[in-house]
Structures are given as C-alpha cells and as structure tokens.
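Chains as they are written, first to last, in the working numbering: chain B, 1 to 354; chain P, 1001 to 1351.
Errors might be hidden in some of the hints.
Facing chain P, from chain B, some residues (calculated, C-beta under 8 Å) [what the hints assert, rightly or not]:
1. E33
2. A40
3. G45
4. R49
5. L50
6. A55
7. H60
8. H61
9. L268
Calculated directly from the structure, the hints in this document are not laboratory data.
Note that CB positions come from ideal geometry on N, CA and C, so glycine has one too.
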Amino acid sequence: MQRIVVDAMGGDLAPEEIVKGAAEASIALADAEIILVGDAATLGGILPRLRHDGARVRVHHASQHVEMDEKPAEAIAAKPDASIVVSAELVAAGEGDAMVSAGNTGASVLACARRWKLIPGVRRAALASVYPTELRRGDRNDPFSLILDCGATIDASAEDLVTFAIMGSAYAGLVSKNRRPRVALLSNGTEAGKGPAAVVAAHQILLEATELNFIGNVEGLDIPRGVADVIVCNGFVGNVVLKMLEGVSETVVRLARYAHKEKLAWRLGLMALSSALSQLKAVTDWQQYGGAPLLGFEHLFIKAHGRSNAHAITNAIKVAAKAHAGDLCGHIARGVADVIARQRPGSPTVEGTA
Amino acid sequence: MSPSGPRHVFRWDLDKTYLRTDFDSFGDLIKSAIETAADKKAYPGATALMRALRAGDGHRVCIISGSPSQMRTVLAAKLALDGVEFDEFVLKNNLKNILRGRFRALRAQIPYKLPALLESRAGFAPAPGETLFGDDAEADAIIYCLYADLVAGVVPMNDLERILLAARAYPDEVERTMAAAERVPRGDVVRRVIIHLDRRSPTAGFRRFGPRLVPVYNYFQAALVLYADGLLDARQVLFIAFEMIDSKQYQLPILANSLQDLIRRNRLAQPTAVKLADELREVARTAPDTVNRPDLPPFEDVARAFTDRVRELKGAPPLPWPETIAPLDYVALVDEEHESRRDRRKRGAGT
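Okay, chain B solo, but in the shape it has when bound (with noise of 0.2 Å):
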C-alpha cells in the first residue's frame, strides 16, 4: 500500500482543492491511504462534501500553515507545527512514504532537507521539471521532457550533474515508462570539451561509468525539440533556461492576444487555429503532468504547481504512488551506488575522493 502524505493547506487554491484532488485519489488509487494534513476541523468538513472513500483518507492535525509569500527559513522557524513540517515529519517517521505540497516551494524543500536523509552517494538533492517538446515519450507518449535541476541546487559539481542525471533517468523511467531514457548535459556546445569544468568532468563520467543512455550534450535550442528526455544541468542554469521558456510562452499568447485585436484577418487565422491551439494546450497541460519532483532524498516529494487545482493535486499524488510502487528511490541508490562501484581510481567520482 502506498501512503501518500498531502499538505493540504499549501497552494493558492487549498485547502478546498487540495482535498478535493485527495478524494479523487482515495477512489481512483485501489491500494493507497492519503495522509491529509492541516486543519483538522477544516478538512473534516471540506471532505463529507466530496466523493472519496472515508477508510482510506486520513487525516492528521496540524494547527499551522505557511503562506505563500512567506521567507522559507523564517516561516519554518516561526511554525512548527506547520502543515509542511509535519508532512516532511510523518514521512520521516515513516507514516508515510511519499509527500505532496502545493505550497511555498522554497519552506517545502527546506522542510524536506531538514528532516529527510539524503540517498547514500547523493550529495545534494534536484528539483525536476517538466517542459513540453515536439517529441513524445516512453510508453505512456509523454509530450515532456525532464529538466534537472531547476533551483534546489545552484552551483553543482560533476558528481552532482552525474547523480541528477541517474535521478533523472530513474525518474523518467519509472513515470513516463521509459525503458532507456536519452540523458544529455546541457552546455554551450554539443562537444565533450565544451562547457564549464564540472560538466566537461560530468560527461566523462556518465560516458566512462554508467549504463545510462547518456547520449552527450545538447544546446538550449535542444530543449523545445525534445532532443533529449532527461537534460542535466545546475539549479542555477536550470532555473534560469525555465524562466525563459515560461516567459517565451507568455510573449507569444500576448502576441496572440494582440494580433487578435488588431486586424480582423489575423482575428480569422487565429480562429481557424483555434481546435489546434486548444488540443495543443491540452496536450502540454502541466497539470496532467503532477508535479516536479524532488529527487535525491531517501523520499520522493512531488512540488505541485501553487495554482495547483484538484485534477492537479490528483495527479501528483497518482505520480507519487506510482514512483513509490516503483521503488524510485530504491532504483535510484542502486544507480548511485552502481556508479561508485564502477569509478576507476584517478577519474573523477560521484563521491568526489579520487
């Protein structure tokens, strides 16, 4: 059975929809228990309104909540009892095995560092995200493509880049059914030599001593084209090349918007386009996709979007079962643990003692 926690006061929209999407969960997941935790009171009479199955929600107490606008470190300290630290605390404690969270993303990731243990090997943990691509994927024809990190870890060595990207591949393995998941690094050239020190030392490493379908680097321009399934780079690269893809995004249906008003010929053409556009909208919906994942501790947290509504909460907990069902941090430590094994003496390492 797979006990998925849910910090039910998290996101713009909880703890109404948050709930929500837990009670999808209780029926739609045959073998799992949903840990709510917030408010007991509030939760207790959001969910008689809703269909769910009572025998496998739970609901565990916690008289704090952190904002979203709040400083993470400061928000933490100041609530205890906070619905976030508590989560991270079950699943710590072992009452549950998997964490979801709409909410503040920097006070969840610390909450999860605080209090969960890093996989053996592992050094610093990834946050993933999705972006979609021109190419589909793996079994399941996911339109995504994984970028990792995109903030939890700013500046990453080459061990870093090379336990992101066995993470990655775990990951996308597991939750996009994809049997060998291509892995490239992102640089400033598709060359080995090319790039900063850590990922010129990353690219030798996952070509000398992994088994991943490393297929070696590709340019930002790679990303959109779904060149790669699982892109590798630092938080700060990461969180840097999202922002921009987001911000393209919001540039173009701006532009839409203003051709729109503009002439009534590009109104029709806009128009004609419309059923495209829309299917395109469906099938690039991040909230079909659950969440980004955090990867790298001995848990899974999956961060929902902060605008998260019930569907959403409902996927990411879909994805949070299945990764636990598939042993992903299991998956993970092996591939780790796999890698150090296979380190020469004198090359780099995962563990960065050669």
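Fit chain P to the given chain B structure using the hints.
Just chain P now, with coordinates in the frame of chain B:
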C-alpha cells in the same frame, strides 16, 4: 429466537449492500443473472456482521431485495454458503410485472419495498427495535426513513398517497401500501438506518435524514455504529475486522482510518472508541488466543493504530451532525431521486 418474540429486527437489502453487484449496464444485469452462488461475492465484513447480528438473543434477520424472485435459489444458496441464516426473504416478482406489462415496476423501488417492509412489520404485535441496511445506489435512504416515519406515525396518510404517486406507483400498489400502513402498529422503532456507500456518495448529502441514518464506507464502520448502539460486543466487532483483513482488501491502517472517519463525522463518540479499546484489551488479556493470530499484527499494534488515529485529530471538534430534523419532504426527495437516476442513465455510468 427469544420465546417472547423478536427483540430486534435487522432488515437487509442484498445488491450493493450485502452482495457486490454491478447492474449499471445491461451486460452487468445479464452477468448478475447467470452467476452461480459461488461466483457471487459479499462485501468484506458483511457476512461476519450478518452472522453476528443473527446470533443475538431475540434477533431476527429479514432480507428484502429488489432482485427478481427467479433468483431465489441462487441467492439462498449464496447465503447458505456464507453461513448466513435469515428469518424472512422477500424478492421482487419481476416476471409477474413483465407479464402484466408493468414495466415501470421493474425499476421502481419505493412502490415495491415500502409495502413489503410495512407488511413484514405488521406481523409483530410487540414493538421490537429495527436496524435497516441499504446502500446509496438507489432510494434506500428515502425508503427506510419513510418507513421509519410511517411506523412512528409522523407521516399523514394523505401525504403517503402523494408520495406514492410521485414514486410512479400503480393504483393497486398505492392501495396495498396504504392498507399496510393503516394496519402497522405505531411506534418509533427504527433505531438506525445504515447506508453502505457503494457509490462513495458525499456523506453530507445524508445530513437531511438526521441522526438516525449513518452512511458507512465499509462494514467495520457499521460494526462500530452497532457496537455504540449496544447491538454488538467488542469481540464481535473484532471478528468483523478479522474477516475484512482476511479478505486482503483491507489492512489495519484502513480500518483505523475508518474509525477516524466516523469520529470526524461525529457518528461515533470518542469515549465509545475508548470503551471499545478497553474492552478489546480485556478480551486480549482473558482470551489471548481470540485476538492473537499468526497472520495478523500483534494485538498491541492493533490497539496502538486505533489510538493513534484518534490522537492525530488532536481534539479537533467533529463536524456537527443535526440532532433533530424538520419533517422530511418525501415528495421532493422522490422527485430528486428520479432526477438523479435520469442523470446517471444519461451519463451511461454507474457512478
């Protein structure tokens, strides 16, 4: 059976209440009709519960089901296979309905079940209490509450006629029901209505039926309610839990969550849960073989799981459930039920 007559009557529906049945599509109906007794599956815990209830002194089990009477042999065989004894077994004569061209009656529940309940009740001169078991698939909540209110003398006879007409009853069904209602001895005898949430309907939708009705997600919850009502003892509750765990469809945490859910919904008082835990500890002390089975977690783990679930709520107040209710507008309820059944048919799904 007690020599002085029954002390408590338990009335059970079968499909979706005792038996896991799908009849949301024509294919499901066919499948249900050709299944053998061995193919039919009871909900985990339902068999143990029905047996425990029947075992009580002066307890009587009456089954009133909308299944066609042509299925009597196979259904009776299923109950025999499960070791369930009953005192009364009423099924719907759908063949007769077809032959008389009364197609409306094939699906109608109220004009069939209400007179059957009243006629069964009319046989008892003293006033035993009653507990009724149904489900959320059709109109069981409405039928049972209407029956309870009729027996209690709360529903005037002219209102009953309006309700039956709203329920599309044929004239002879109206006449038969009115006659049975006239004859039935009056008394506030229905102690509890338990609705099995087969469709996982929102429990808030049942608030209007008042404190007598308890929607349950499974039969462990039903057992807890009946323990609180004084109709089951702690050991019987435990046996029902064991049957559910044996089914492999329930684990200890799921049963513990079921307890917490009832407490959150204010359908089980915390002191009752504590009393049950104390009595189970006593059972564990005096008859350790009863509770310690090699295939189950140690009793102390079981007790801890349940205590933890209560503690997890940290004293949060349960949801207020109405202690009293205004008289129900059964005509509106019947109309609403027809509407929702039509919607479900339009959607073409059972959910």
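Hints, verified against the model:
1. E33: 6 Å, holds
2. A40: 3 Å, holds
3. G45: 6 Å, holds
4. R49: Check passed: Cβ of B/R49 comes within 5 Å of chain P, closer than 8 Å.
5. L50: Interface hint status for B/L50: holds (6 Å vs cutoff 8 Å).
6. A55: Since chain P brings a Cβ to about 4 Å from B/A55, closer than 8 Å, the hint holds.
7. H60: 5 Å, holds
8. H61: Status holds, d = 4 Å.
9. L268: With Cβ-Cβ at 36 Å, over 8 Å, it is violated.
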